[in-house]
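*Asks:* So the sequences go chain by chain: A and B.
At position 398 of the first sequence the residue is numbered 398 (this note's numbering), and the sequence of numbers has no breaks.
At position 84 of the second sequence the residue is numbered 570 (this note's numbering), and the sequence of numbers has no breaks.
A few of these clues could be false.
[Claimed, not checked] Label pairs and their computed distance ranges (CB to CB):
(1) B/800 / A/373: 54 to 64 angstroms
(2) A/370 / B/754: 45 to 55 angstroms
(3) B/754 / A/304: 37 to 47 angstroms
(4) A/384 / B/622: 56 to 66 angstroms
(5) A/16 / B/773: 50 to 60 angstroms
These are computed hints drawn from the structure, not numbers from a lab.
Please read all numbers here as calculations on a predicted model, not as lab measurements.
Just so it is clear, CB atoms sit at the ideal spot from N, CA and C, and this is done for glycine as well.
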Amino acid sequence: MHDKTLTELAAALDAGEFSSRELTQNLLERIGALDPEINSFISVTGEQALAAADAADAVRAKGNAGPLTGLPLALKDIFCTLGVKTSCGSRMLDSFVSPYDATVVEKLSEAGMVSLGKTNMDEFAMGSSNENSHYGPVKNPWDLNAVPGGSSGGSAAAVAAGLVPAALGTDTGGSIRQPASFCGITGLKPTYGRVSRYGIIAYASSLDQAGPMARSAEDCALLLGAIAGHDLRDSTSVARGVPDYREALGESLSGLKIGLPKEYFGDGLDPQVEAAVRDAVKVYESLGATVREVSLPHTHHAIRAYYVIAPAEASSNLSRYDGVRFGHRCENPTDLIDLYKRSRAEGFGEEVKRRILMGTHTLSEGFFDAYYKKAQQVRRLIRQDFLDAFEDVDVLMGPTSPTPAFDLGANKDPVSMYLQDIYTIAINLAGIPGISIPVGLAGSRPVGLQILAPHFAEPQLLNIAHQFQQATDWHRQQPAFGKENA
Amino acid sequence: MMEWETVIGLEVHVQLATRSKIFSGASTAFGAEPNTQACAVDLGMPGALPVLNEAAVAMAVQFGLAIDAEIPEVSIFDRKNYFYPDLPKGYQTSQMYHPIVGRGEIEISLDDGSTKRVRVHHAHLEEDAGKSLHEDFQGMTGIDLNRAGTPLLEIVSEPDMRSAKEAAAYLKAIHAIVTYLGISDGNMAEGSMRCDVNVSVRPKGQAEFGTRAEIKNVNSFRFVERAIAFEVERQIELIEDGGKVVQETRLFDPELDETRSMRTKEEANDYRYFPCPDLLPVVLDQAYVDHLRSALPELPSEKRARFQDELGLSAYDAGVLSSSREMAEYFDIVKDTCGDAKQAANWVQGELAGALNRENLDIEQSPVSAQQLGELVARVLDDTINGKAAKQVFQGLWNGEGKTADEIIKAKGLKQVTDTGAIESMIDQVIADSPVQVAQYRDAEPDKRGKMIGYFVGQVMKASRGTANPQQVNQLLKEKLDALC
Numbered sequence: 001m002h003d004k005t006l007t008e009l010a011a012a013l014d015a016g017e018f019s020s021r022e023l024t025q026n027l028l029e030r031i032g033a034l035d036p037e038i039n040s041f042i043s044v045t046g047e048q049a050l051a052a053a054d055a056a057d058a059v060r061a062k063g064n065a066g067p068l069t070g071l072p073l074a075l076k077d078i079f080c081t082l083g084v085k086t087s088c089g090s091r092m093l094d095s096f097v098s099p100y101d102a103t104v105v106e107k108l109s110e111a112g113m114v115s116l117g118k119t120n121m122d123e124f125a126m127g128s129s130n131e132n133s134h135y136g137p138v139k140n141p142w143d144l145n146a147v148p149g150g151s152s153g154g155s156a157a158a159v160a161a162g163l164v165p166a167a168l169g170t171d172t173g174g175s176i177r178q179p180a181s182f183c184g185i186t187g188l189k190p191t192y193g194r195v196s197r198y199g200i201i202a203y204a205s206s207l208d209q210a211g212p213m214a215r216s217a218e219d220c221a222l223l224l225g226a227i228a229g230h231d232l233r234d235s236t237s238v239a240r241g242v243p244d245y246r247e248a249l250g251e252s253l254s255g256l257k258i259g260l261p262k263e264y265f266g267d268g269l270d271p272q273v274e275a276a277v278r279d280a281v282k283v284y285e286s287l288g289a290t291v292r293e294v295s296l297p298h299t300h301h302a303i304r305a306y307y308v309i310a311p312a313e314a315s316s317n318l319s320r321y322d323g324v325r326f327g328h329r330c331e332n333p334t335d336l337i338d339l340y341k342r343s344r345a346e347g348f349g350e351e352v353k354r355r356i357l358m359g360t361h362t363l364s365e366g367f368f369d370a371y372y373k374k375a376q377q378v379r380r381l382i383r384q385d386f387l388d389a390f391e392d393v394d395v396l397m398g399p400t401s402p403t404p405a406f407d408l409g410a411n412k413d414p415v416s417m418y419l420q421d422i423y424t425i426a427i428n429l430a431g432i433p434g435i436s437i438p439v440g441l442a443g444s445r446p447v448g449l450q451i452l453a454p455h456f457a458e459p460q461l462l463n464i465a466h467q468f469q470q471a472t473d474w475h476r477q478q479p480a481f482g483k484e485n486a
Numbered sequence: 487m488m489e490w491e492t493v494i495g496l497e498v499h500v501q502l503a504t505r506s507k508i509f510s511g512a513s514t515a516f517g518a519e520p521n522t523q524a525c526a527v528d529l530g531m532p533g534a535l536p537v538l539n540e541a542a543v544a545m546a547v548q549f550g551l552a553i554d555a556e557i558p559e560v561s562i563f564d565r566k567n568y569f570y571p572d573l574p575k576g577y578q579t580s581q582m583y584h585p586i587v588g589r590g591e592i593e594i595s596l597d598d599g600s601t602k603r604v605r606v607h608h609a610h611l612e613e614d615a616g617k618s619l620h621e622d623f624q625g626m627t628g629i630d631l632n633r634a635g636t637p638l639l640e641i642v643s644e645p646d647m648r649s650a651k652e653a654a655a656y657l658k659a660i661h662a663i664v665t666y667l668g669i670s671d672g673n674m675a676e677g678s679m680r681c682d683v684n685v686s687v688r689p690k691g692q693a694e695f696g697t698r699a700e701i702k703n704v705n706s707f708r709f710v711e712r713a714i715a716f717e718v719e720r721q722i723e724l725i726e727d728g729g730k731v732v733q734e735t736r737l738f739d740p741e742l743d744e745t746r747s748m749r750t751k752e753e754a755n756d757y758r759y760f761p762c763p764d765l766l767p768v769v770l771d772q773a774y775v776d777h778l779r780s781a782l783p784e785l786p787s788e789k790r791a792r793f794q795d796e797l798g799l800s801a802y803d804a805g806v807l808s809s810s811r812e813m814a815e816y817f818d819i820v821k822d823t824c825g826d827a828k829q830a831a832n833w834v835q836g837e838l839a840g841a842l843n844r845e846n847l848d849i850e851q852s853p854v855s856a857q858q859l860g861e862l863v864a865r866v867l868d869d870t871i872n873g874k875a876a877k878q879v880f881q882g883l884w885n886g887e888g889k890t891a892d893e894i895i896k897a898k899g900l901k902q903v904t905d906t907g908a909i910e911s912m913i914d915q916v917i918a919d920s921p922v923q924v925a926q927y928r929d930a931e932p933d934k935r936g937k938m939i940g941y942f943v944g945q946v947m948k949a950s951r952g953t954a955n956p957q958q959v960n961q962l963l964k965e966k967l968d969a970l971c
């Protein structure tokens, strides 16, 4: 049962092939057996999961099951979960037990889903390899020498290893799409404002967005339908109806206009990745789409703008971790300043400190205009690039990442790590939705195709990904890891 | 000796009387057990997000309209970043660059009856911080976050005031406006209004300003005057002794009646303001602003004008009676109940104000209600009692000896005697009992007699225990005595 999609599991539960308890039990056992190798979970919440599964089975027995009732998933440890440790991958929050549920967590449990636990991640979602976790790195199930990507690396690895059929991640500069690409799964970053951020520990508030990571676009559609929508507790969530994302999944792609941004096929792109992506585009042509080259002229500014805006917001968002009310507090502080300094020095890891310092600097008197204001201007230009491109084409396609998953420890220099996000980061700056789907392998490591659509065009985006998955079976490929435990 | 001019600007923080906080649903009630009125948002919990309270926006706009200020279409919340234990998020959400209220003007009344206009630079919305509690924790500090997130309107004046009196008058004018609008309870003792005072001095006639000191967190009208008085003296002495005023933040100590340095400009924080990404810009459409404008109550300046023009009160009376919403409402009820504005004004400012002053009470704490006082004045006006008896009735009401003036008049037998027969018989008795005085009266020059009649009036009033109508007594006595001459 561990290799099925959510859609297939729902059908099996409906058919009585097994109960939600059996499914949950089975996956908990797999996690127990396999996760020590890949380290994708920070907390496994077996007891709560079994209780939720029993409740779901009871609902099903009464004939009241919805499409998600009794289906298991995992949550990135950035989502606040009532009564459960919510660490955000940081020593700072190692002792933090959330007193409330994030809106999306509340929605999923209302839909009857069963959370098996909290997945590993780069500390405070800052990273592209999941090596910046207080709980140690996660390994890529496709190749245990490779990183799973980040920051939602635990979620991606857990789905790829067959420990859960789906997981929630968050994406600030590529943190859903890049690990989805590295781990050969499907990951969607919705339009900014589509999904409530309430209860998601903030990294960069104007960029953060939660989204589904699963084995198929269809499963992502199912999950997005459950988590999307306006939330009165998040002023930046958009008051706009939530369509039935699965309803759009049958549309033909005949006449679809695809744009290939030339900036996404330049220097630094791995040839195997490029080949797999171009092959995927050919599949789309065979499905009736037309392809043309387009330009997003401000692409090369995106990383620099991002690394001003995101750290600026982060430096402020992370100020609340001061050792006063919750989180790590140093031993025997001599005075208030000592309490602040040591609690934060001990609680935060190196990359988090680096970004706090960068953000503090760029917001400082005398630097604000040159950095922050300028970056916001660049952000508007980047957004305009996409709006202009969508005048001519329906969607944009390109590689999710310039390379397949790299080796653990390979990117020691922060700047070379930042460059990993070259194709994903602009999407967050523009606020548009993007999805990564597996389209091939470079050796043993998966390659992802990124598809981008205009704001709130998730129905079209998911259908376009779904049509590819109807025509190919890349999304059904599994790593050798864990097969013997099937 | 050089003549100095004082220059003062005020930043007044007004707690808005919303039921819930500016960015959360927690209650704003004062005086609850520590940390019982703080939710995840107020505690700065990971993942919690602010949602703007529309009531705070409406109140800020009402204030702006009341001072004829520009109301910009768009205002934006910024984060002011600094670490402090009672600031849970490590930043205060405020409005740095695009405040909700633009330039406006406030008219202040001075003791000599003149008025002056003080320009308001802007007013912005922000959240209050919590409180640090330094007692009761054996060398440690307690934090109470009940106040965290209470909405504040910070009203920033231009440096237009030239004396401590003007500053106090400005603060009183703001107090009157916010209480008239009902957007704050204006309770300074509970911290509902606090102000930072910027003070500098310069030689009279000099155009540029001197270096200013900012006195933080002054929380009463009296303290504002005293803090300024001390600070002005300090700065002048410093300069005259050859020193220089440094730009710094100072603290007023009401116990010692002095200001002390807190931190200099060099030690000041860099607040790293930037737009809060969790809140959308506030966009006000014209219809919304117009709606609030049409619902504005009568404001202090309008009330003052009406009291003068329609009721014929003096500028001074009109100023005092319109100085606070409570005072004006009290006066309006007294006036409407007795039907005579001048008499109502005399009573409110005379007998009532005196009694309140003696016991150090505010008008809303008066033991005599406006209705009771109005009925009392009505009894004077309809000649049921005379002025002397009225004071007794007022005392009775003040002491709670009866529920209404009529009840006390009856109980004490203070009803004025206007029956001519009854007064005449009392007069006859007094004349009969005072042969010596009658003889003196008769022997006096006619133009001296007027003065001498006082004795007889006193005797008759005494005989009536104060209830005889004094005018009637005078009139009848004169007739009777003159008949004897």
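*Asks:* Can you name, in rising order, the numbers of the hints this structure does not satisfy?
*Replies:* 2, 3
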